Every structure is written in C-alpha cells, then in structure tokens.
Amino acid sequence: MRYTPHTPADKERMLRTIGVAGFEDLIQHIPAALRQKAKISLPQGLTEVAVKKRMAALAGKNASAQDWRFFLGGGIYHHAIPSAVDAIISRAEFATSYTPYQPEVSQGTLQAMYEFQTLICQLTGMEVANAGVYDGASAAAEAVLMARRIQDGRHRVFVSRALHPQYRQVIATFLRNLVDVELVEVPFTASGATDVEFLARSLDDKAMCAVVGYPNFFGVIEDLALLRAACDRSGALLATVTTEPLSLALLKPPGAWGADIAVGEGQSLGVPMSLGGPGFGFFAAQKKFVRSLPGRLVGETVDADGRRGFVLTLSTREQHIRREKATSNICTSQSLCALASTVFMSLLGKQGMRRLAEVNARRAHRARERLVKEAGLAPAFTGPHFNEFVLNVGGWAERRSRFFAKRIVPGIELSPWYPELPDALLVCVTEMNEEEEIEELVRTFAGR
Amino acid sequence: MEFPDGLKYSKEHEWVLVEDKVAIIGITEFAQHELGDVVYVELPEIGEKVVKDDPFGAVESVKAVSDVFAPVSGAVVEVNDTLPENPETINDDPYGDGWMIKVEMTDMDDLKDLMNAEEYAEYIEQQKEEDEEEEEENDDEDEEDDKEEDEE
Amino acid sequence: MSEPSQGGDRRTQRRPLIFESGSAGRSAFFWPEEKGANEIPAELAREEIAGFPEMGELEVLRHFTRLSHLNFSIESQFYPLGSCTMKYNPKVNEVAARMPGFALLHPLMPPELMPGALELLAELEAMLAEIAGMDAVTLQPAAGAQGELTGLMLIRAYLTERGDPRKKILVPDTAHGTNPASSTLCGYNVVQIASNKNGIIEPEAVERAMSDDVAALMITNPNTLGVFERHIQAIAEVVHRRGGLVYLDGANLNALMGIAKPGDMGVDVLHINLHKTFSTPHGGGGPGAGPVGVKAHLKDYLPTPQIVKTPAGHELREDFPKSIGRVRSFFGNFGILVRAYTYMISLGSDGLEEASRMALLNANYLRKRLENTFFLPSPEPSMHECVFTDKNQQKGGVTTLDIAKRLLDYGFHPPTIYFPLVVSGALMIEPTETETRETLDAFAEAMIAIAREAKEESALVKSAPHTTPVGRLDEARAARRPVLRWEPGSED
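From first to last, the protein sequence lines stand for chains A, B and C.
Using the working numbering, count along the first sequence one by one with no gaps and you end on 1030.
Using the working numbering, count along the second sequence one by one with no gaps and you end on 159.
Using the working numbering, count along the third sequence one by one with no gaps and you end on 1927.
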C-alpha cells in the first residue's frame, strides 16, 4: 500500500517547477556517507487484503475477552461499551483533527473537552480538572510533582504499598532524578487498607503528600476520613488514585473527603482494554491549585460578537511557552480516549452510571460469597470493596491449567509484587461476567 | 509613549518611585505594550527579601511570561493585592494603580544605576535601532550570499 | 427557544452543553436491576452524581455529531502543520486495532496467552530500529514528550554508572518546548545553543558550550526550520569526545526514511512520534506513542519489562537490574502500536522510502510557489517542511496570526505559527506526502491571495476569520478569569 498520489507526470511537473533535474538534487546537500547507508532493509509493502490477513492471524493467536472468560481487574477493566461510543470517536472530524490550537475550527473538540473536565469534577467531587494525561500511573506521578511545586520546603512523599504496583514503579522512576525528594512506603494492614497509624506516626513537617488508591489495588475502599485527618495534622497534601472510576458512582468521591488532588485511570469508562493502552489519566484538584496543574485546560470565553466559545487556556504553564519552567512536559495527550469517555458518561448519565455500578458491586459481592462458601476459598482481606477482591487460593500453580483449559482466567496472582501474599488472587467481577461464567468459576474452584 | 518625569527606570523596563526609604515598583508602559494583555501576575510575599537585578516575580500574558527584576534591593513591605483579581490594571495604568510592590530599601546607592525619563526614552530608541540594524545586517548578508551565488 | 438559522450561517446556531440538554430521569443505558446488595457501608456511600447529564441515545449522538461538524480534520481539510506530519490516517489501521484479538486483551493475563501481541511488539521494535539505524527500542512511552524524558533518564543512568550524571543539557534555540521541559524533569539545567544566521548549529558553537559538565546535546534533525543539520556528525564527535551523549528528537523523521539514518549520524538515543511519521491519528490531541531507540551501550537501561525472543516465542523479562524502571503502566499505548505496525507492513521498505521522498518533493514545491510572495528567513535547502515569515506583509500591519486566521476562511488549517522562536512571525509549512499537487496549488493560491489582501484590504485579514463557527476568541478573558467547568446556575 502507498498513500502517495503522485503519478510520474506529477513528479516531473513538480520537479520542473522547483527547478531541479531530478529528486536526487533535493538531497544533494546531505552527506554522501549518510545517504549511502540509508536503505531500509524490510519486506516490501503489501496489499490491503494481505495486511488484514496478517493482522487477523496475529490477533487470532491471543486469548481475548471475546472467547475467554476474564475475571481480571488490576487497573484495566472489561466493561460493556455502547456502540454509540465508537461511532462518535470514529468520526474523522474527531479522530483526525489536531490539537485545538486554532480554536475557531476546533470548537467540537474544545467543547467536548470542557464537558469532559466538568464530568470529571462531578465524578470526583473536585473543583477543577484538566483535559487528561497519559494514564493513571503518570497521573499519580504528576500528582506528586504537583505537590512538590505547591509544598515548597517539604520533601517527603508517602506512597501506600496498597497502591497499584506499576503506579508505584512509575512514581519511583519519575522521582529518581530529583535529588530533593524522599520516597517513603506506607505498609497495609490485615484488612487490606493502608496502615493509617503508621502514616500518622511518620508524617511530619517535611511531609509533602500522601498517595493512596481509592479503591486500592486490592479492591479495598480506603478510610479517607482518617487519612485526611492524619494529613491535616502535618500539613501534607492528600492525593487519591482511582483505577476503577466506575466505583465513584457508588462511593463518596475523593472531593467529599477533602482530597487535595484526585487522579486515576479513565479506561474503564468507555475505552477498550487494548492490552492496557491507550487509555487516559484523569487529573482533578482543588481550585486554589489550578496554576500548578499539569496538562491542558479548556476554558470558556466569548468571541467579539459575544458568542460562547472554548479555548485552551492558562497555557503559560505548559511546555510550549514556559519551556524549562513548565509544570509538565506534556504535549500530545489522550484526547480521543477522553472523548470516548465523555460520550460514555453522557450515554449512561446519572441513572446509568449508578445502575452499572450497582450491577458490578452486587455481582462481585455475590460471586465472592459463593467462592468463599461453596469453593472454600479464604478471603485475604476484610475491608469493604467494590468490584474487585482478593482471595487466598492454595496451590494455584497446579490449578491454573484447569482454568485455562476451560478458557477461564480467574484472577491476577499477587505474589510477584507481594511475596508476603503467596496464595493471593485478585478477582474482578463486572457486568460482562455472566451468571453461567460465575457458576463455572465457582465449580472449577470447588474442584467439581 | 509616556515616561513620567518623577520616576526612575531600569534596563529591564521597571519603574521606581522613591518615597523616603521606600521604593514603589512597577513595569513601564513600554513593557506592558510588548507583553500584550496581562492575564496573571506573580508577586512575592510581604517580608520577602528582593535582590537588585534578580527576579522577584513574573507577569503573564496569554502567550508569554516575563520575569520582573528588582531594580533595588530590600524587603517587601507592601504588595498590590488588587492585581491578582484585576491583572489588566497593569495595561490600563502601569504607573499608577498598576504598581506591583513596595520595597524598604537597604542601600540608597542602588538608585544610581537607574535612568531618568529622558535616558530611558533614549534607551528604548537605541534598542529599536539595534533590532532594525541586526535585521538589515542579515538582509545584507543574504544579499551578498545571493550575489556570490549568482556569480558562481 | 429555537430560532430560524440565517440560511447556513453556523454562527447563529446555539450549541448547548450536555448539562444544558436532556431531562431528569433520562438515560441511554439499559440494564436490568441486579439482585443482591451493594454492600457499601452507609458512611462510604454516595447519593448520586450531581449534575451528570440525563439524555437519550439519539440525543447524545446528535450532540456529539453536531460538535464534530465544528471541527476541521485531515479528512476534510489540508493541514500543513510544520513538525506535526498531518498525513492521511489509513482506515485499515483502524480495522486492525479494533480486532477483538487486540482490543479485548487484558495486560495482566499470563504472557503465554498473548503470543500474537508479543510477536507484534517485538517485530515493531525491530522495524523501528531498522528505520532509525538503532540497536534496540522500547515501546513504553505514551507520547514524544514521555519518550524524551525516557531518553534523558537513560542518558542519566548511563552516566551515573560511570561516576557522574553531570548537570547540563545543551538545547538549540530552535528546539521544541518539550526538550527543555523534559530536561528539567530529569534534574538537568538547560543551556541554550544559538543556531547560526541560517538556522543550523555549527560545531564551533557546540565546542564552546561543551564541557565535562554536559550530559548530552538534544538536537532535532531536520531541525524545526525544516533544514538538515549538515554538521551533525562533527557535532556528535565534539560531544562524544568529552564523554557526553547525543539525543535526537525524532519528530521530523518523515524527512529521513531511506535518506539518512539517525543511527549513522552519531545519535545515541532518539524518540519517534508514531502519531507523526507513522500515521496514527492525532485524535484532537492524542493518543500518540513515543518509542525510544538506543544504541547498544544504552540497552541495559531500557524500561522493563523487555520483550525477549526465545525458541518458544517471546518472553517478558524484568531481570534487567540497570533498568530505569517503568515510565508507563502496562505495555504503552498498545492500540496505537497496532496501528503503526499495520501502517509499516502496509507500506514496506519501498512505501516508507517513497513517503519521505514525496514529503520532500511536496515541501520543496510549496516553497517554490510561495518564495516570491513570502519572506524566506533561511537560504538552506528545505527537506519536508519550509518556513516563511510575515515580514513582507507587515507593512500593511498584517501579522502571521492574521494570515493564519484568514486561511481558515479559505478552508485550510493554518501552518504552525510562531515556532521556531528564532524566527520572528514564523509560518512552518509541512504538507506531507499524502497530498496531491492540486491541493498544494490551491493552498499556494490561497496564501498568495491573502498576501494580496494584506496589501489591498488589510482590514479583512486583520479581522479574520469570518466564516468559521466562532470568530476570534477572547483568550485574555479565558486566562484572567478561568472558567474551566460548567456549574449549575451558570448563564449561557
């Protein structure tokens, strides 16, 4: 395939207009030593039919949620995505447009982003939200960097061990190169929640911020009231990280608990799993911190005739103006994914979000109860949860092949990240897990 | 463009009005014109020390940020707290209501390095000429290069 | 309240927000009630999401469809944005990415259940390495800027192991803003190097700035003036001699395929923008992907997990103790990687080389058509983009901004404006290879017409645009009194 429309006649005419004899004249000035070695050694191009065949063959080798039954969460969730979402984001006017630096011809993207920012504020209970960042993990890291900008003179960052392990890795990578930051890990207790007493003891006047999952990686709902109080006593900022934002349709949101910064991963709201990307990170905060926010912000304004319009604003925070003093280096973000989420949240709306969240919560709780009672699996934690929970599964190494033979992936092993939990399995149940699947899951665990 | 007589001016386009040992500081009409619509002002806290020729704050327009440099050293005794809500005051009245900070000076000699209104007006003219000359030089060099190429 | 529209004038149409539409109790979501209890303790429970929209499905579709009509896009308009490479986004890429065997994969399922995905990723790494002339690639970074930060962290890790991470990064004055921003995030100070009067970097300038305190030089090639940094090999030598490394911002790779490989230029590490050179859609601001390529001496520091080929297939390995760690969750923007892979096998070596050749042909053609009307600040040959300024139009008081806005009335997205900063009033034009000669001619004619308008009816240009859904917006107001969300009770 080639997408270049030039015929030999086109080329000849254009070269003549330029005033050169041949194409080679256009690259004469490039050192010959470089030109000689530049040939690309790859197979030749294919027809569209051959391309589709090859892609289907590669896709066909993978276990997908279409043919397998997944009980997998851990930061990426399998939810029903209404057909209308893809219909909208497939529109070329949204998919192939550029970042809205020319607002007069980008009001579609800009208004949708403004609506997105509003929805995120409403969902998280926070006062201001940006137009999205790369993913939940970088959102967590950016939250710490933002706390660093705000809390001059404080250098200790407290991160819960019950926060998603990959998010903790990304935070560590971002902070590694900044000499003035100390990363302190806060353990979790037998209930599966962050050890608030440990945190309260450790927070001092050098504490910059505390970062916890809400719900955390184990699916446990943290006690934000206690965490807020502990942070208040020391003047630390509280940042929450939500990997399953559908939970916020049923849970009191971070803003209601007084969080300073609330971030997370938006994939579960309208974006396919796609092996974990692309998705988007959402990022919300209290209004007083608005000038420290990373990423793009869309604001409302008017044109000369008083028509309402939307523009990118507070751009002086960003890399293209502030350069080395920018709040972040973000340029291209995840706009189309944020749009998918905006359409998703609009379709579900107030009623639908609640209904979907309830289906998840109820189905997960019933499944957990059956697994404990009928399959004899021991719950690992006692804290309240949304649609994910951790069970202790003895002899998982031997048992897994039975599940795979039935095309079931019943959960995520935690031992690679938490050696202190050798038998733990993180199980997620959503509306996409039908009753028969759950029945099969219980029976297989029960050895029947 | 207006440069009031009673004020002193710095090379970085700040103005200073001295009352006893207190220096009132803002940016000049030239500076606000170059910046365009001011949208945000970053100001120091009362009590902070400012050092001559170091930045003490910043002025933002939609597309640019400019540091503001202290023309004298001292401690900040007052800050114009109407500016956060109404940053456009700097555009509308740069020498009056658009004042930024008041500094209790530590060394009156700092004023010696500043210009008076006439000197500042000349300074701006000079800057403009230098910019034009540089452009012409580049044009001349380009012309010469073109001539050389033609000759080749 | 509905009002008759003024015959096709989109400016009179009201555009309510989703929060200003709908009706209480409405939803587009149908799912039967689930038996059982939520089991969320009362003190943790939420009543409702106040303010969330309540609309039916057709209502929602109409809302967003109408919004889409307000956008320019590649499929409707020519988008000559310099350094953005707004080429055609092939539809077959979208078909591939949506295949369930890619779209419905969970990243935490056992690797042995996703051999096709790992094979795709490994092959993509190899293809990018071949095109860029590098030895290894990571696909984790989510965008070019994240790629830059990753690349700088690799440099830092490499130098730290040798005893001293050093303190400075040299960045040309023509560099994209992400370059200095990323440097700061990596704990480095930025030192700017001036390009010469023709817009390229001379080795002497690098020599003067280079010291044992400099970790790396970041360079874009071709640079943001669309000009090939012809001294790059000598420059790389200057940097290497003092123990520093060379980072290439690969944003302009579309000019180089089959023409020159960064790996042969002395580059140690680079990032590539898949949403530029490799056709993945811009989406109104992402998602993109910013893979990073390295020479062998930096391989050990790459983010983990790395994909390793085994006799059985491919494995994910974390046992790289010198790795800088993770920069993004899971596997990066996999859906974007699938699209880029599809594009690369579609084009093959012949198609990719032709893409760069035609990108250069189109850019030089436009340069020729415009050079008698607009001022060309650099005499250096252009590669895939050319830069003009508004100098010739300024006599009428017309600026680059005005020209850009007037282009909207002609149905073209403007070029990149006011960048690079070294040129006053820059207009950076990158047509890309997927445009026809006729489109280029139409664009050139529009630009020439606007230049004439600038002389004869400058008011028309200075008050443009006139036919877009909104006129020029008050950006000062948006920055002074930011309104970043809808609130109940706000007037529309």
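It is possible that some hints are incorrect.
[To be verified] Cross-link-like lysine-lysine pairs, in silico, BS3-like; alpha carbons within 25 Å at most:
1. C:Lys-1470 to A:Lys-955
2. C:Lys-1526 to A:Lys-635
3. A:Lys-907 to B:Lys-18
4. B:Lys-56 to A:Lys-907
5. B:Lys-70 to C:Lys-1830
6. C:Lys-1830 to C:Lys-1890
7. B:Lys-28 to B:Lys-135
8. C:Lys-1734 to A:Lys-619
9. A:Lys-643 to C:Lys-1890
10. A:Lys-621 to C:Lys-1730
[To be verified] Examples of chain B residues toward chain A, derived with CB under 8 Å:
11. Lys-28
12. Ile-31
13. Glu-67
14. Ala-82
[To be verified] Coverage of chain C stretches by chain A, computed from C-beta distances (three or more under 8 Å per stretch; other residues unrestricted):
15. 1489 to 1497
16. 1523 to 1537
17. 1576 to 1584
18. 1629 to 1635
19. 1638 to 1648
20. 1675 to 1686
21. 1876 to 1890
Honestly, the hints are just simulated from the structure, not real lab data.
Remember, it's a predicted structure, so these values are computed and weren't measured experimentally.
Even glycine gets a Cβ: it sits at the ideal position worked out from N, Cα and C.
Checked hints:
Using a Cα cut-off of 25 Å, the hinted pair Lys-1470 (chain C) and Lys-955 (chain A) holds, with the two alpha carbons roughly 18 Å apart. The straight-line distance between the Cα atoms of Lys-1526 (chain C) and Lys-635 (chain A) is roughly 15 Å, inside the 25 Å bound, and the hint therefore holds. Restraint check: the Cα-Cα separation between Lys-907 (chain A) and Lys-18 (chain B) comes to about 24 Å, which is no more than 25 Å; the hinted pair holds. Of the pairs offered as hints, the one joining Lys-56 (chain B) and Lys-907 (chain A) holds, with about 22 Å between alpha carbons and a cut-off of 25 Å not exceeded.
For the given pair, Lys-70 (chain B) sits about 23 Å from Lys-1830 (chain C) by alpha-carbon distance, which is consistent with the 25 Å threshold. Proposed proximity of Lys-1830 (chain C) and Lys-1890 (chain C) is supported: the alpha carbons are some 8 Å apart, at most 25 Å. Distance restraint check for Lys-28 (chain B) and Lys-135 (chain B): the Cα-Cα separation of roughly 34 Å exceeds the 25 Å cut-off, and the hinted pair is therefore not satisfied. Annotation: proposed proximity of Lys-1734 (chain C) to Lys-619 (chain A) holds, straight-line Cα distance about 23 Å (limit 25 Å).
The straight-line distance between the Cα atoms of Lys-643 (chain A) and Lys-1890 (chain C) is roughly 64 Å, outside the 25 Å bound, and the hint therefore fails. With a C-alpha separation of about 18 Å, the suggested pair Lys-621 (chain A) and Lys-1730 (chain C) falls inside the 25 Å cut-off, and the hint holds. With a least beta-carbon distance of about 29 Å to chain A, the hint placing Lys-28 (chain B) at the interface is violated under the 8 Å criterion. Interface hint status for Ile-31 (chain B): violated, as the beta-carbon distance to the closest one in chain A is roughly 26 Å, over 8 Å.
The criterion of a C-beta within 8 Å of any C-beta in chain A is met by Glu-67 (chain B), whose closest approach is roughly 5 Å, and the hint holds. Because the beta carbon of Ala-82 (chain B) sits about 19 Å from the nearest beta carbon in chain A, more than 8 Å, this interface hint is broken. With a threshold of 8 Å between beta carbons, the proposed coverage of the segment 1489 to 1497 of chain C by chain A holds, since 5 of its residues qualify and at least three are required. Coverage of a stretch by a chain is defined here by at least three residues with a beta carbon nearer than 8 Å to that chain's beta carbons; for the segment 1523 to 1537 of chain C and chain A the count is 13, and the condition holds.
Remark: the segment 1576 to 1584 of chain C is confirmed as covered by chain A, as 7 of its residues place a Cβ nearer than 8 Å to a Cβ of that chain, reaching the required three. Here's how the segment 1629 to 1635 of chain C fares: 0 of its residues keep a CB closer than 8 Å to some CB of chain A, so the rule of at least three is not met and the hint is violated. Counting residues of the segment 1638 to 1648 of chain C whose CB falls under 8 Å from any CB of chain A gives 0; the rule of at least 3 is not met. Under a criterion of three residues with beta carbons nearer than 8 Å to beta carbons of chain A, the stated coverage of the segment 1675 to 1686 of chain C fails, only 0 such residues being counted.
Requiring three or more residues with a Cβ within less than 8 Å of a Cβ of chain A, the coverage given for the segment 1876 to 1890 of chain C is violated, as only 0 such residues are present.
Hint check: violations occur at hints 7, 9, 11, 12, 14, 18, 19, 20, 21; the rest are consistent with the structure.
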